[in-house]
Structures are given as structure tokens and as C-alpha cells.
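Starting from two chains that each stand alone, build the complex the way the hints lay out.
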Amino acid sequence: MDSSVFTVCIDGAEVRASEGQTVLQAAQAAGIYIPTLCSHPDLVPQGGCKLCVVEIDGFEKPVTSCATLAAPGMAVRTRTERVAKVRGLAMELILASHPADCTSCPSYLHCELQAMIQYIGVTHSRLRTVKKAHGVPDPRNRLIVRDMERCIQCGRCVRACRDLRGVGALAYLKDDDGESYVSTVDGESFGDAGCRHCGACVEVCPTGALRDVDGLFAKEGPRELALVPCRNECPARVDIPSYLRFIAVGEYGKAVAVIREKAPFPLSLGYVCARPCESACKRDKLNEAIAIRALKRHAAENGSAAEWRSAAIARAPATGRRVAVVGGGPAGLTAAYYLARKGHEATVFERLPAAGGMMAAGIPSYRLPREALASELEVIEAAGVDIRLGSPIGSAAELLASGYDAVVVATGAHDGRRLPIPGADLPGVVTAVDFLRSAYLDGGAGAPARVAVLGGGNVAFDCARTAVRLGASEVTVLCLEAEGRMLADADEVEEGRGEGVAIKNGVSFVGVLELGGKASGVRYESIRGFSFESGRLAVDALPGTEASLEADLIVFAAGQAPSLGPGFGVGLSPAGYVLADEATGATGVRGVYAAGDAVYGTKSVIKAIQSGRVAAASADRYLGGDGIVDETLAVRPRLSGRLEAVEGFESLGRLRPPLSPPADRRSGFAAVEGSLDREAAGREAGRCLQCDLRASMGAVATWSDLAAVKSAEGAEVAR
Amino acid sequence: MSGSYICGANGLPSADASALIADKGAACVVRAALEIMADARRLSCGQCVFCREGTIQLHELLKDGTSGSATGEDLELLAEIAVMVRDYSGCEMSSKAAGALVDLMGAYPDEFDQHFRRGRCPALACPAYYTVHVLPDLCTGCGACVQACPEAAIAGGDGMIRVIDGERCSRCGRCLEACDGIAKAIVKAGPVKPRTPDAPIPVGSWADDGGGRRRRRRGQENPEGGVE
Ligand code: SF4
Ligand code: SF4
Ligand code: SF4
Ligand code: SF4
Ligand code: SF4
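Line order of the protein sequences matches chains A and B.
For what it's worth, the working numbering labels the leading residue of the first sequence as 1, then goes sequentially.
For what it's worth, the working numbering labels the leading residue of the second sequence as 1001, then goes sequentially.
This is chain B alone, in the form it adopts within the complex (with noise of 0.2 Å):
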């Protein structure tokens, strides 16, 4: 006897949470949770207020916990909502999105952990948690990165080894897939960075000194991140 919640009528949410569970291969389940809330917050008829504004706060927390500017207590509060609005929402849409999300916590707590309280997304697909690098043993100068990228954000001409100023890239991954039928010269990069000239070198001339800029520090030598 109680309203008629249309979120129902408006469909599920897209993603499928069960299959990832099953297998997340090189998924980063954070993001698949974004996704489902962002659908879910969409459908919500809006009557009642675990499906509105419960599926509104977790999406919002799961934007800042894959773009780095969530905390800790935002991991307990994910997990506190989330189970509420599985619980109390009054329609099937919003409890299996919701549902689904504290399965994923559930089943990878620590990518949770990694993303809220780490800064880090192991998967290298949320763009605030890597940056991109053109590795000089492998470019061959050819400059398609160069036509791709939309901030302008690699120097280097003809003959040269490309790099990307870290402040201009926006991490759109243009360059990557242009590079990647050419030298996969282009890669993504967590915490630990690999080593590349400061400024454009002729292709030949880069030699691994073990000087130049390292980035990496004590107490990171066995990167869960990784390079690509």
C-alpha cells in the first residue's frame, strides 16, 4: 500500500557486479561501482529518500574516492549508506545497485582501501591515480602521440623522444592508443615512474644512467601499481 516507486520502470542499473565478483580480471571494481551509482542516481524516481539521496552521497563519495579526494572515514561511510539503502530503500532498483556495491566492498575490500585511503587505483583506470609517460628506449620519434593529444601536452619534433608535461596531460589516454599500433612506447604509471629524459632527446640518445630523474623513493621498491 505504499507508492507507486516508478525507479523500477526507469530500468536497472547497467553494470553487472555479480560477473566481476566471479572475475574482475584487470577491472578496477571501484570504478564499476561509480558506474553503477551513477545509473542508479539517474533512475531514482525520487520518492523516497535512501534511493534519491542515498545513491546521490554514494555516488558523490565514489567520485572522490576514485579522484583522490576522499578520506578514510569516506570508506566507512560508503559502507554505512551502502548497506542502509540495500536495506531500507523502498525499491528493487536502488537495493540491488546498493547491493551490489557492498558485495564488491565485500569481496575487494583492500582496491577499496587502496582508492579512499591510499590514493592509489591498482587497475590504472582512474586517471587521478596515474600519469602517463612516453619511455625513451621504446619511442621511435614518429610524433602521432603529438597529433593525438588535445592539450598539447608532448614536446619533442621530428627525430625526437617525446615527452608529456605531467602538469598539461589530462590523462584522456589519446596518446596511448595512438602509439599503440606504432612502439607501445606510451604507458601508464602509478606510484613508481619510469625514468625518462626531462626534455625532448634525440631518438638513439637516451642512456639509463641510473641519474636524471627518479622518482622513485625508499620503501617503494615493490610497487603494486607498477608500469604497465
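Chain A with its partners taken away, still in its complex shape (with noise of 0.2 Å):
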């Protein structure tokens, strides 16, 4: 036996310890239950809670375990009449000062002073009631409350704050009258004092004393993802804060690894993901969002491909089955790369002239340049997927017959709706899907003088700002959405009004005019509001509005659908949507998954790509693989945890890619956003929050869900 483990006996068990441990850590090894509210298992001892002592053979009174290391043969207790009494007045000691009414607390139930007192048994009664002036929540601190009525000066934040941040934003003080209590050093707000905002005070804290103010982690799922609000929003839950690390030093390629751990296009992403992190990032809540887009652009243009590419090509022995995927969008093509990894044989067939989907014909380039996405799309083939461009499948039974094990159907929605009203039919009137894929894949032609594009989202200014480039002098965008609650980023909104587009909110569409059997503009009248009984429009128009705007293009950018029919195979849903299984792709036939916009209408590139993985580790499960898509391309640095105080880091503000001037804008279609420079991007990834360090703390044992019984039993004794 190696010398260092050596065995102690706690209330008559053997119990097995090692040098080092306090006999705190090996009871709770051993599953036996000790009492305590100031230690935590990322800390330093403190010992000042008393209520974790016990009685040990050859020491005169009880002593507190977490600061008594375990020796060999030690015969310790931990549920004597003496310690039960140590433990009780302790406890009345802490309630003694602390507020009664626990039901108004918002940590109620979620307490572990709350189960304390549970667990020891006693009341608020025989003490003096002590009030202790803290003062009331700091309305500076927007993300942390501050409620030290509630503080039991336990001390957990002060050493989470010093011993593992090195940041030392929070301190025992003393008040005027000499009374201590726990605070921001000289009471200022978390940002003065220096604070990182990493939330590991809020995390050890036993009370409802410091709490993340509402809303700011999602309530449901996995707690240690809810913590990183950036990845628990990304749906193919890219590990964020590790790949900003990773450029925060300079460290490009192995940022790019990071990224390609769960999609195939960083560099794509970096130019058009819809950034759900963004919206959900932690920091937006403090000031401005991490411009985390932005940073994975940096990365994936900068990256030396040596950090991933032999790993991002490497593939499993050949399995000798073989894989057809419809449709070559992100999503067909995600399913098809990792499967082509898993050892099969993957084949996409594309009906378009270019592989991307929508990336290729529906995004405009001026958004995603089109080498980029052909630098992904190398990879991908190098990978071994066979891309075969021009090739539209009439069914899946086709595919199964012809030989191949699996499907997987991403065809994505490349049905543009028309509106119905009169006159949509009319020459003149183009789809959104059908205008842009026109001028981004069959070299289009120009556009006319006078463009009018009816609706509010996204495709509606891609339209837009598509048609100042092709040449139109006079574009609008109408659409029922009032001004400040269009479905558009307001980046596009403001992009387009910045190249000339104009505007129309509030109006709904009569319809559109007719000159010489071509259309000739659209008639509209304004509205109150709208909404949608379901799922039929219903306006409420203002009466005696009714206008025209003339126009020789008629652009509908109101939505579009899959075009499947009922000949492919698979099941449809009314609405013509493919009938699968979310959490499996799994289609109601054998052998046939399906992925991306097909299934779940259009959404976003992200989207598909995790959409994609799932079909992908589906079908290789399928056909005899394990099913396992997750891969490590980047080995993670040993993190200290330590941050250390930085002066004004709250309120550092969000660095912003530089954006091309107007008039270069409109006139051609070269990247509308430019990337950071390398001093910015190291700058604007340091301004990450790390939320990833909290969510990996250790997690304090309870009496309840450690070793029930014995707990149970502890607490008779102890009353």
C-alpha cells in the first residue's frame, strides 16, 4: 500500500485517507456527511463556521475538520452530544443575524444555509435579534445583487474572489461602529473594484447574499452549460469562451480547431452566423456583447491550418457503406463530412451548379465572398465527400435501390412564397429566392430603375441591398412590421438605409398594379397592426390610406418553403415540411434522416450544420458506428482560474469591424464588413467574461444528496 494512504476510522468505519487531506475531504470521500457552510472544495479552509467540527481521540474538545488534516489511525466522531452542541449554538449564533423571513428571500429553496438550518434543527428564538446596517443592493452592479442582509460572513466569495481569481474585489471590512461585514473593497461597486465578472463569488456564496440578477442563465438543461449563456445558445454549442482564449493570445489556428470541433465552416460562420451567442452573451447584460462573430472571422482568416487541417481530414477505416445526402447546403454538406470521417462512403447531390445551398445562391456575396465558402468546401471534399453538382434526385427509394445504405435529406427551402393577392402571378414579380439566386449564381442579370421588395426580415434587405448593387436607382422595402420591430438585424436595416434603400413600415398589400400585362408597381394602405390567427394573417388596416409606389420589379421576400413533394419518400407535413425526428433526424423510413431547413423551415447556417450532425451521427449509428461526431482538435490549456484585478474592465466597450463607406458599398460586391486587426481582436476576445470558469467549480455536497441515510441519521443526532 502506498505510504501516503493510510486509514482513519469515522463513527466506526474504516475509512481510507490519504496524506494532505483534511479529515473534512475524507469523510466526505468516504460519503459520510459533515455539516459545514464556510468551506467549499475550491477553497482554502477558513474554520470559521465551527459547525463542521467533531470530536477526535487524544484532542481535548472538538475541532473543526476542515482545518485538521487526517493522520493515521485517527479515530475521529462526527455526531457527539458535544459537537451537536458546538453545531447548535453555532448555528443560532449565524440566524442570530440573519433575516427570518426566508420565503421572501429569492433563494429560497435553492439555500444551503437554508438547508442547514434543516439539517441542525434549530430556530431563530433564544438569541438576540441582531440587525446588521449593509445598506441595499448597489443598482451599479448589473449583473451581481448584492443583498448583505443576507450575508452570514461566511467569507467563501472573499477567498474565491482572492484565492482562485487573484482579483481581491471583495474584503472583510469593519463600519464605523466597528462591526464587520463582507463587501467591495471601500464599498464601491464590483466594476471600480476591479471585479471580472467571472461569478465565482456568486457561485460559492451559501445565502441568497449575492445572486446573478434575474435572467441572466437559462433555467432549463444542464447546469454547467446554462453558466455559458455564448455556447448554451450556439446550437452546435461551440466551445466560445475557450477558442477566445485562444485568440485573446494569439493562438489563431488553434482557435479555428476549436471551432471546426463542431462545425465544418469557421470561416463562413465568421462572415454570416446569425450569432445567437451574441445575444445571449453574459457581458451584453454588463455593457456591449462580445463581438464574438467578428473574432471567429479573425481567427479563421488568420489561422495557420496546420493546427487542424490532417485531424479535420482524418478518417476512420472504410466501413464499405455507403451514404447519400440530398442537397449540398451547410447542413447536407455537415452530415456528409462527418459521415465521410466515420469511414463511409458519402455522396451529396446537389441539384444547383454550386455546392453551398443557400450559402451559395441565397446570401448575398457582398455578406459571405464566395472564396471563403469555396475554402471550406476544399476541406470538405479533402475529407473524402463527393460532391456531385447538377444532380436533382427524384426520391429516396431511388437512392436505397441504387445501393446506397442511408439517406440523409437536406434539400433545404428553396420555395419562395407569393403573397396572395391579385396580380402576384404578373410578369414583373419574382420570389426573393428566385431574384437572388439569380444574380448570385446564374451571373444575373442587372436590375431595373425602380425596385420594390415586400417584406421585413433578413432576405427582404438582402433583396434590397442585392438590387442598389445590381444598379436600381430607387429601392423600397415595404413591409406590415412597424419601424423598430422588424424581423431584420437592425445592422442590415441600418447597412441598407446607409446604401439608399428606403423604408415603408405599417402597410399591408393590396395588391399589385398592372401596366401593358406586366407589373407595374404595388398598391398597399397602411395598417394599425397585425397579427396571426392561426396562422392566417389578419391587418387592421386604417381606412382611406390606400396608396401606390411604382415600380418595374416586384420582389416577394415573404418566406419560403420546402419543395419536396409527395413523390420523395418521406413523410411531409401539411405545410410541406419533412417529418423527422429532432433529436435523431430519423425520418419515418428506414435507413433515411434528414437535416436543416427541409425539416424546420429556414433558420439559420448554424442551425444546419448542427442539424447535419445529428442526421450525421445518426446514420453512422445506422449503419454500425457508434454514432460519435464530438472530436478534440484542440488539446485545452491547464487553466489557473486566476484573472487578476483590471482596472476599468467593465466597462471596456466593444471593438467593431470596420465597415466599408456607402458609396464603395453600392457601387459593387465586395465584402461589406472588414475584419479586426490583430492588436483589436486580441483586445476585444480579453474582454470575455470566461463564464466557463465558474462552470467548472466544484459543487458543494449537501446533506440530502450525500449519502442520504447516513445524513439522516446524523440529524437525529444532532437535535
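Using 27 Å as the maximum straight-line C-alpha spacing, the simulated DSSO-like pairs for lysine-lysine come out as follows:
hint, chain 1, residue 1, chain 2, residue 2
1, B, Lys1063, A, Lys131
2, B, Lys1096, A, Lys174
3, B, Lys1096, A, Lys132
4, A, Lys603, A, Lys504
5, A, Lys61, B, Lys1096
6, A, Lys518, A, Lys504
7, B, Lys1024, B, Lys1193
8, B, Lys1063, B, Lys1193
9, B, Lys1063, A, Lys174
10, B, Lys1063, A, Lys132
11, A, Lys131, A, Lys174
12, B, Lys1096, A, Lys85
13, A, Lys219, A, Lys603
14, B, Lys1096, A, Lys131
15, A, Lys85, B, Lys1063
It should be emphasised that the hints constitute simulated quantities derived from the structure, not laboratory data.
Note that this is a predicted model, so its numbers are computed, not measured.
Shown next, in the form of C-alpha cells:
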């Protein structure tokens, strides 16, 4: 036996302990519950709450087990009369200066102290009630609520901030009467105290004294995930804080490797990701979200492929199985990529003459340069995916019959919707899908002088801004939504306006005007509001406000749907979507899986990628694989967790990539948004609060979850 | 390996309990304990519950015990907490302070009992437990006390024997000091009160006729508090 491992006797049981372990740690490791409020698995012991006292043979009186090292042959008793007496009085003392109204406390039912009150079984009654004056929560603190009335001065937060983070924003202080309390140094706001907003103090606080502001983290789902809101919100769960740390130190290749663990399109995403992560970013509630997408692009543009390429195209030994993927957009390509990596023979059948789906045929090139997309298609092909362009597929059954073992349907939603108004089918009326495809894929013609786009989402602005670039002189976006409530991103609206796009808000469409058998404009009326009742639009029109706008081309940007017919051989919803299980992508048909917009409608590239991963995993399992598509492409450095205080950290503002001037934008299809420079990228990545540090902290075992049976006995004795 | 308590660095309570135990003289030991605990409470670094909350409770209990708002149960609580703070606080400062309290309680159980259970301060040091009076046969009518009183609690003009209004008097003791060098006519009284006129009367006209304002009740013939 290792000499540093020995046995101690705790409550009559022989328990293994190792050198350097405290009695408390040895007991916890053996599933023996000892109450404590000031100790925490990640923190140095303070020995201040005295709840962890135990009797040890040879010691004259009970000692704190958190601060006593286990030694060979020690005989420890955790539940004796003397121990109960010390614990009981300690608890009474703690409660004497703690508010008695638990039910009004936001931490009610999630509070270690409250659980401890039940365990020790004492009440507030015997002692003098002490009211400590610690002020009201400081409104300057936007992320942390400090409710010091409920503080029991256990000092966990002080130790977490000082010892784990090296920040030292919190301390034991003395008021003018000499009364001690715990607060930010000098009573400053967290920001002024150099706080890095890591949340460690909140995590360790056993009471309601330090809390996250309401709504900071999602309530559903596993807590480790919820604590990192950017990652939690990312459909593919890209490990954002890890790659931001790589970017902060200039390790761009490793940053790309981290992104590639979840998505084979880091550069394209760097241009066009819908960035749900940024909307969820914890820093957004402090001042401004981290520019995650711009940082991703910077890394993908500057990182060395040597860091990831060989691993990212490595394939498992050939399985001899063949998979057909119908549709070469982000969902299909992602599915094919992982299936190829899993050793299957993966073939993508793309109907259009270019791969990329909407990334090639829908998203304007001023938002996503096609060379960026091409560089990522190259990696996918290098991983063994066979992409066949101009190859429409009639049915899944036909593929299965021709020797494919599995099929992934990822045909997207390329059917533009036409509004049900008179004149919708006239020449001169097109759908957004068709308009954009002709512009970006068919090497489209120019645009006429006057273009009206009906719709208020991002696609409407894609059409409008494309029309501007194609030479239209009068481009108007008309939509139901009032100003400020449009579905399009604020950036899109802003940039579109800058390029000369006119916007007409709060109108509904009466009909398309006709002149000489061609569309000549659109007739509309103003509305007070609108709603969707069981999927049908109901507008509250303002009588007498009908007006017309003349236009040579009308673009309907009013949504799009999949174009599969029943003949394809998979179950379809009444609206034409493929019926597939969300968690697996399985359709009702054996061996046929579905992914992407065809399943759930137009969403985002990153969602399509995740959907492709899910379908690939399921198809792999179906083909006899383990279904694991997660991988580690970059080894994370061991984190010390130390952040150090940084003056002014809280108010560091978001650094924005440069935008080319409107005049240049109007005249060409070059990328509108520039790239962050190296220095800005480092600084921007350094603004990240590193929310994952908190998620990796140890958890306190409570008496209800640690050795439930034993602790129940303990409670009896303690009472 | 426990946390770094810094109470010690804040200093130790100033009062010296062992000297008091050797010879308390005329001092009130409960007040001495009160002062020790006031210091200890102020000096606690706040990191350990017995030191931080224990000294607060002991101080509060002693405040009540010296101001007439304690009960006999409070005395037991005082003893219980004092022993626990002495034995289990993490630092020398509070364990010394609580130890001094335990020792004082052991050496002078009766004084603590008088304070907590009977509402008396034998040393007449606790304002809640005494009243202040002008002895009519000693008062010269000089009025120095009237000048000194911040509460305007003393009635009577030139040549009159002054009378203190017990309701108004805050027991600050300024009149005692003022009169000390003149006639020593002002005294503190415990449960047994000296006989005084109800209202000012001319100097020399006081005759102790055995009537008037007699506060003495049966069973208190042998006042421990006495008259100073
Ligand atoms: S902090 Fe805990 S014990 Fe205190 S009031 Fe809130 S729920 Fe109750
Ligand atoms: S740096 Fe972290 S531990 Fe310190 S005060 Fe800020 S959030 Fe709390
Ligand atoms: S704020 Fe919370 S963690 Fe900090 S001392 Fe108070 S109770 Fe303990
Ligand atoms: S601060 Fe950093 S880790 Fe936290 S949500 Fe934002 S990007 Fe993610
Ligand atoms: S003790 Fe103070 S308040 Fe009372 S009569 Fe004397 S001077 Fe006035």
C-alpha cells in the first residue's frame, strides 16, 4: 500500500485517507456527511462557521474537521453530544443576525443555509436579534445582486475572489462602529473594485447574499451549460470561451480547431453566422456583447491550417457503407463530412450548379465572399466527400435501390412564397429566392431602375441591397412591421438605409398594379397592427390610406418553404416540411434521415450545421458506427483560473470591425464588413468574462444528496 | 492551516479582568465585563462565528443586564455563550475576552445575579439601577448643580434646597461632580432612597419628621445598595 494512503476511523467505519487530506475531505470522500457552511471544495479552509467540528480521540475538545489534517489511525466521531452542542450554538449565532423571512428571499429553496437550518434543527428564538446595517443592493452592479442583509460572513466569496481569481475585489471590512461585514473593497461597485465578473463569488455563496441578476442564465438544461450562455445558445454548442482565450493570445489556428470541433465552416460562419451567442452573451447585460462572430472571422482568416487540417480530414477505416446526401447546403455538407470521417463513402447530390445551398445561392456575396465558402468546401472534399453538382434526385427510394445504405435528406427550403394578392403572378413579380439565385448563381442580369421588396426580414434586405448593387436607383422595402420592430437585424436595416434603401413600415399589400400585362407597382394601405390567427394574417387596416408605389420589379420576400413532393418518399407535414425526429433526424423511413431547413424551415447556417451533425450521428449509428461526431481538435491548456484585477475592465467597450463606406458598398459586391486587426482582436477577446470558469467549479455536497441515509441519522443525533 | 484571523492584529480588549478578580474594590464587575465585550466586538475580524456573533451576543446580553432589561434566563445564556466563545473561537482576542467574562462570573456570581435577576447594581455604577438625590440637610442652596444639569431636572431658586425630578434626570452625574467640592449634598441611591422634600423649601427649614416621601418598603431594611 502506498505510504501516503492510510486508514482513519470515522464513526466506527474504516475510511481511506491520503496525506494532505483534511478530516472533512476524507469523510466526504467516504460519503460521510459533515455539515459546513464556510468550507468549499475549491477554497482553502477558513474554519469559521464551526459547523464541521468533530471529536478526535486525543484532542481535548471538538476541532474543526476542515482545518485538521487526517493522520494514520485517527479515531473521529462526527456526531456526539459535544459536537451537537457546538454546532447548535454556532447555528443559532449565525441566525441571530440573519433575517428570519426565508420565503421572501429569492434564494428560498436554493439555499445552503436554509438546508443547514433544517439539518441542524435550530430556530431563531433564544438569542438577541441583531440587525446589521449593510445597505441596499447597489444599482450600479448590473450582473451581481449584493443583498448583504443575508450575508453570514462565511468568507467564501472573499477567498474565491482573492485565492482563485487573484482579483481581491471582496474583503472583510469594518464599519464606523467596528462591526465587521463583507463587501467590495471600499464599498465600491464591483466594476470599480476591478471585478472580472467571473461569477465565482456568486457560485460559492451559500446564501441569498450574492445572486445573479434575474434572467442571466437559462433555467432549463444542465447547469454547466446554462452558466456559459453563449455556448448554451449556440445550436452547435461551439466552445466559445475556449477559442476566445486562444484568440486573446494570438493562437488563431488553435481557435479555428476549437470551432471545427463542432462546425466545418468556421470562416463562412465568421461572415454570416446569425450569432445567437452574442444575443445571449453575459457581457451584453454588463455593457456590450463580445464580438464573437468578428473574432471567429479574424481567427479563421489568420489561423494556420496546420493546427487542425490533418486531424480535420482524417478518416476512420473504410466501412464499405455508402451514404447519399440529397442537398449540398450547410446541413447536407456537414452530414456528409462527418459520415465520410466516420469511414463511410459519402456522396452529396446537389441540384444547383454550385455547392453551399443558400450560402452559394441565397446569401449575398457582399456578406459572404464565395472564396471563403470555396476554401471550406475544399476541406470537406479533402475529407473524402464526393460532391455531384447539377444532380437532382427524384426520391429516396431510388437511392436506396441503387445501392446506398442510408440517405440524408437536406434539400432546404428553396420555394419562395408569393403573397395571395391580385397580380402576384404577373411578369415582373419574382420571389426573393429566385431573385437572389439569379443574382448570385446564374451570373444574373442587372436590375431595373425601380424595385419594391415586400417583406421585412433579413432576406428582404438581402434583395434590396443586392438590387442597389445591380444598379437599381429606387429601392424600397415595404413591410407590415412598424419601425423598430422589423424582423431583420438592426445592422441590416442600418446598412441598407446607408446604401439608399427606402423603408416603408406598417403597410399591408392590396395588390400588384398592372400596365401592359406587366407589373408596374404595388398598392398598399397603412395598418394599425396585425396578428396571426391560426396561421392566417389578420390586419387592422386604416381606412382611406390606400396608396401606390410604382416599380418595375416586385420582389416577394415573404418566406420560403421546401419544394419536396410526396413522390420523394418521406413523410411531409401539410406545409411541406419533412417529418423527422428532432433529436435524431430519423424520418419514418428506415435508413433515411433528414436535416436542415427542409425539416424546420429557414433558420440559420449554424442551426443547419448542427442539424447535419445530428443526422450524421444517427446515420452512422444505423450503419454500425458509434454515432460519435464530437472530437477534440485542440488541446486546451490547463487553466489556473486566475484573472487578476483589471482596472476599468467592466467598462471596456466592444470593438467593431470596420465597415466600408456606403458609396463603395453601392457600387460592388465586395465584403461590406472588414476584419478586426490583430490588436483589436486580442483586446476584444480579452473582454470575455470566461463564463466557463464558473461552470468548472466544484459543487458543495449537501446533506440531502450526500449519503442520504447516513445524514438522516446524523440529523437525529444533531437534534 | 485555517484562515488568517486578523483580530489579534486589531489588538486585545483593554480592561484587565485578572486585576479585577484580585481586587475589585468599589468597581462594578458587570460593567467591566460590558466594556471588555464592547472592545472585543469592535476588534473581531469577523471571520469566525463564535468571535463575531458570540461577542455581539455577549455584549448585547451585558448591555441588557446593566440596563434593567435582562432576565434570569439571560444570565444562563450569558454563561453558556461565554464558555463556548472561550473554547471555540478561532482567535486569542475573543477567547481571552470571553475567558475574562467566565472568570468574573465565577468570582462574583452574586453581582451578576443582582444585575440580571434583581435589577440592582451594588456598586451603583449602572445608571439604570440608581437614582440621584439632593440630601436636604446638606444642601447649601448654592445652585451649582442646577448650572451643571444638562436636563434641567433640578428645581429650586436661590437659598432653596434643590430637588431632583427623577423622571427628567438622566443619571449623568454632573451635579454630583459639581456639588462634590461644595457640600457633598448629592448622592446616588439604590433601592433605598433618602428622604427628600417633594418641592424646594428654604435652606434650614427641613425637618425629618418621619413622614413625607418615604420610599422604604418592608423587607428592605438592610439595603445592599445603601446610600453612598
Ligand atoms: S439566504 Fe437562505 S437562509 Fe437566508 S433568507 Fe435567503 S433562503 Fe433563507
Ligand atoms: S472577480 Fe469574480 S469572484 Fe471577484 S468579485 Fe468579480 S465576479 Fe466575484
Ligand atoms: S456574501 Fe455570501 S459568500 Fe460572501 S461572506 Fe456573505 S454569505 Fe459568505
Ligand atoms: S462573456 Fe465570454 S464566455 Fe461569457 S457569454 Fe460572453 S462570450 Fe461567452
Ligand atoms: S445626574 Fe445629571 S441629569 Fe440628573 S440631576 Fe444630576 S446633573 Fe441633572
